Structure formats: structure tokens, C-alpha cells
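One letter stands for each residue in the lines below.
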Amino acid sequence: MEASKKAAAKSAPLATNGSNGSRQLLGVTVDPQEIKQKALMDLNAIKQPTKTEVYKSIFRVKHDQTARSRTLGVLSNVFLHLHPARVNRDAVRFSFTWGMGGISFYLFWVLTWTGVLLMFYYHPTKVQAFRDILYLEHDVPFGKLLRNMHRWAAHAMVLTVQLHMFRVFLTGSYKKPRQFNWSVGVILLVLTLLLSFTGYLLPDDQLGFWAVTVGTNMARATPMLGHEGPFGPQFGMTPFNDVRFALLGGSIVDANALLRAYIWHCIAIPGFAATFMIVHFWRVRKDGGISGPNRIMLESEIKPLRR
Amino acid sequence: MDWHQLWTIISLPDNIPIVGMIFIIPFFTWFGLRQGFANDRLLEKLEGDPKLARAHHRKTQPFQKGWARELPVWPYLLRMEFLAVVIVTFILMVWSITLDAPLEEPANPSLTMNPSKAPWYFLGLQEMLVYFDPWIAGVVMPTLIIIGLIVIPYIDENPLGNGYYTYKQRKFAIWTFIFGFIILWCSMIVIGTLIRGPGWMWFWPGMTWDHNRLIFEINRDLHEIIGITSQPWIGIFGGLVVGGFVTVAGYACHRLIVATEFTRRILGRMSLLQYAILQALLIIMLALPVKILARLLFRIKYVWVTPWFNV
Ligand code: HEM
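Residue numbers (the numbering used here), protein chains in the order written: chain A, 1 to 307; chain B, 1 to 311.
No lab work stands behind these hints, which were simulated from the structure alone.
Any given hint could be a false lead.
If you only want the chain A side, here are some residues facing chain B, beta carbon under 8 Å, derived [as the list claims (entries may be wrong)]:
hint, residue
1, V74
2, N88
3, L163
4, L193
Bear in mind that the values here come from a model prediction, so they are computed numbers and not experimental data.
Even for Gly, the Cβ is constructed at its ideal location relative to N, Cα and C.
Make a model of the complete structure from these sequences and hints.
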């Protein structure tokens, strides 16, 4: 039976076969009814994309209104899984956190991307640096917007990080068990300021040059480690071997300083900052999530100290 | 009144954050303290009514029986985050389209900028250079600020006010932080930006930044005023003055620390080391305004002159 069918198919490719209208096409049974079914199935997939295997393979969980799906939707998403599944009902208001930690993080993210784009056009050399900025401002499509956004986001981040610290203080959120995360936060504040400061020199213009000159001149006066600082000379410090020399790669702000600022600004400090942010967010979760708004505690409820 | 000068300073694109700060910092101070006062009123009510204290949900935010204490992150938190991102992006876009980042002439070591200013967030430290030698203003102070901030959680033994705004339960901590953050840090930044002109001289808002202005100030060291002239005595005298300040300031701070029954109770929870660190930081913090006033009112340059360092 099978063999004779094949033989028939070879001799007559379009021979009809049976009463349901299916045919043999190049050795395959073709059933118009079945093809229609399949086409309808594909059409249905467009109407209901969430039912397709492609969708399920990407999203893994249903996205409907049930509590279970909402929870899984957050927990099984790599970008959202830093969040808990549920939060204090009053913590989602603006009034408690002022959103400043999250906004600082978003600004850091904006700065990373605009920064990477700027790096495509910037050379950290005395010959090119300033011209690259001019080029960015006048010739690169959206170059000016890019540079402006990088600068203003940096200013804004310095401000939002300080406001974040202020609110963490006012809500007493550094108290047990969050003491360590406050310290991590202080490191992040310092890194934020250093990021902004190292970026200041990069345009290689008068503003950055003199700001960095003023800033690093203070390093001369470091006790014991600067050549003008207390006990510096006694420790054998000269302009050519003290901390300022190490920071600038020279005794004046010049080509080496530019290169060093560039490497600190684009590689080292962002790396440190990102690392500390990971620790910071991790600790927010591990310390029991956001601290409040907590139930207020009366003075009479203070428990005696146990050491 | 030189309005043009005022406008040139305020409208400098790089000064926008400082002009913003003048409004933003007071706003958030008010916004935070207002919630603190609301909680304080609730505290008072609960303290006077133990039965209510047991039944109450202990927050100023509304709550009713049967409401969940926690909400799913999706959608309640994520939609707020999304909204924040949209708003911040919008502000950044408008800001970046309307205002251009500054670009001066190419760097030129032989042409000094006057005034040459550090980036705005370091202007507080630069302002301190007027009153202190660079090793204090530029090295010791930043180090102490960082250390001081890091140790806050480890020396604050007050268990109240953990996770909610309050003023009443943390008066000492809040005043200390506001003094350090707003009075010493933020307002010095504002002064450094808006008031300090060429030669780092003081120009009131509206005064013309005159590059040829000269001020003849005769700053003297404290020992010169007293009339001590030869070295070992100058150093010893200065050491005594600083020691005297530390004693007086330490005593004043101690009076604050034991001011009320509650603060005494907190002191009882502190170890000796915690107390010593707290005192050291408070005394150093107090030294700033004292030295600033000594300079501004009495034209005193150094109070302690030694062959190795001057304070
Ligand atoms: C790059 C800088 C920083 C980023 C991106 C960041 C981010 C965040 C985020 C997203 C949160 C969650 C709650 C919120 O948004 O308020 C948080 C919480 C916290 N942050 Fe930061 N932060 C930074 C700097 C700081 C600084 C400077 C401090 C303090 C000196 C600090 C101390 C804390 C503490 C103690 C918490 C827990 C607060 C609570 O549970 O209520 N952070 N941070």
C-alpha cells in the first residue's frame, strides 16, 4: 500500500487522493482543510499573543490581575527582582521617601548612557579634548543635547543624593538594623562627588582647569603626605613625590592629569559606584525593605539596652 | 544696585543648581518636619491615652480595619517609579534643550581665572580656606565630614524615631544635622556661589564685581594682639587657647547632652567611646563658626602658631 502510494505520487505530483480533497504535493499529503486550520491558528496567535510559545518563553508567567501573577511578574523579572513582592502601603507615597534614592539611581543610569555616547567622540589628549567638545557642540547630530544632558544630570544627581541623605536622616532610617547601609550610602555620596569632580577637567577649558587646580592645590597641604602640609617636608615630600603628584601624574595640571581624570571618571569610579550601589540595594532588601512609614513608638516603650 | 551683575551670576547655567537649592532645601526641610510635627501630635495623643495607644494603627496616614498593610509592588510601586522616570526625563530634556553647558576658553595655565572657583558642591570647603589653612579646610575637614557621617548610626543610641518622621523624639539629632547640613554645608555653598567675587572678596548681592577692588584688611594672630613675641611661648599660648576652647565647647555640648531627662536616658545607653566620639565631632563642628566669627569680627588670622602648623 505505502509503496504503491509513493510510486503514484512520483508519477503524478498533483494526483487527488481520497474524498476529503487532500492531495499529494512533492511527496507530502496536502489537506486544504488542515492548512486553513493552521492559518487560523496563526491568526489567532496575533489576536492573543499571550497564548503563544514565544511569549511564554520570554515572560514565563501569566500577566493577569491575580495576586499570584502580579507577584510572580515582579519576582521573575531580572530587572524588577530587586523589588520585594509587596511593600508597606504608605511607603509608595511620595511623601515618605521623596523618591530621591530611586531618582539618584535613574540619573546615574542616564549618566552612564550619555557618558558612553560621549566617549565615542572624546579623546583624552591635550591636542584633541577641547576640539572634541567643540565638535560635539557644533557638528555631531544631537551632540550638544548629549553634552548638556550629561552635565545637567550630573548636577541634578549631586543634589538628589544629598536630599536622599537628608530624608534618610529625618526618618531615622539609619537606625538599627540599617546602620551599615547608611555607611555604604556615605561612600556613594563621596563617589558621586568625585565622579562629578573628575568630569569637570575633561573639556580641558579654563573652568575645569582652574577648578581642578584649586581643588588639587589643597592636596599639597595634606599633613605628612603633601609638600606644603604640616610635617610634609619632615617626611621628605617635594612637589615631585607627594599626593598631589600622584593625583595629577605630574606637578601641574597637564596631559597626564587629563588622562588620569579620564580613567577615574569613565572606568574606575563608575565601577566602584556601581558595585557599592549593588551592595546598597541588596542591603535595603536584606534589612527588611524600606524602613517606613513605621508605627510610631512611644517613649515608654523603649526596651532596656542589652549588650 | 547692579541688577545686571546679579542677573549674570544667577543666570549662569552652572549656577542653576544653587539657585534651585535655595528653594529646594527649605522646601524639603519644611516637608519633612511637617510630617514630623504631625507624628508628634499623634504621639502626644497616644501618650495621654494608653487604651488608644494599644488600639491605634500608629500612623498619621489613614488606615481602616480590613485594609492590607502591604500592597503588591506591581502596580502600586512600579507605576510611581515609572511616573518618576517620565517626569525626571522630561525635566532633563527641557533643561538640556534650553540651557547650554558652559565651555570657556581652552585651558591656559598662564591666564588665571578670577575668581577661580571649585565646582559648586565644593564651594563650602573653598569658603573655609578663608578661615583655615588648606590642610584643615581641604584635607582634615572633608575627612572628618566623611567619618562623621559614617559614624552617625553608631553613636546615635536613641531608639525612637526609627522609620518615621519626628521632631520631638530626636530634637538633638535633628538640630545637629540641620546645623551641619544646612547652615555649614548648604549656606556656605550659596555664599561661595553668589557672594564671593574676584579675589574671593565679599560682594553683597547687587554689588558690582569690581576686579580692581582692594580691601586692606590687617589680620593679626591672636598672640600678637596679646603681645607675646617669642616662639616657645607663642606655641604654648596657642595650645592653651585651643585647649580652653575645647574645654568650654565640650562643657557646653555636655550641658546640651544632659539637658532633659530623656537626653540623660539616652546618654545612659551610650558607651564611653560613643560619648567621646560624639563630643569630639561636636567640638570640631562648633570650632567652625567660632573661627569664622573670630575672623569676621576681630580680624584674627591664627589662634595657634607653631613652627610646624598654624590653626
Ligand atoms: C548614588 C547614590 C545613592 C543611590 C542611587 C541610593 C539609592 C537608594 C534607594 C533606591 C533606596 C530605596 C529607598 C529610597 O529611594 O529612598 C535607598 C535607601 C537607603 N539609602 Fe540610599 N542611595 C544613595 C546614596 C545614599 C546616601 C548618601 C545615604 C546616606 C548617607 C544612603 C542611605 C540609605 C539608607 C540608610 C537607605 C534605607 C532607607 C530606608 O530603609 O528607609 N543612600 N537608597
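Do the hints match the structure? See the list:
no.: 1; hint: V74; verdict: holds (5 Å)
no.: 2; hint: N88; verdict: holds (6 Å)
no.: 3; hint: L163; verdict: holds (6 Å)
no.: 4; hint: L193; verdict: holds (6 Å)
Of the hints listed earlier, there is not a single one the structure fails to meet.
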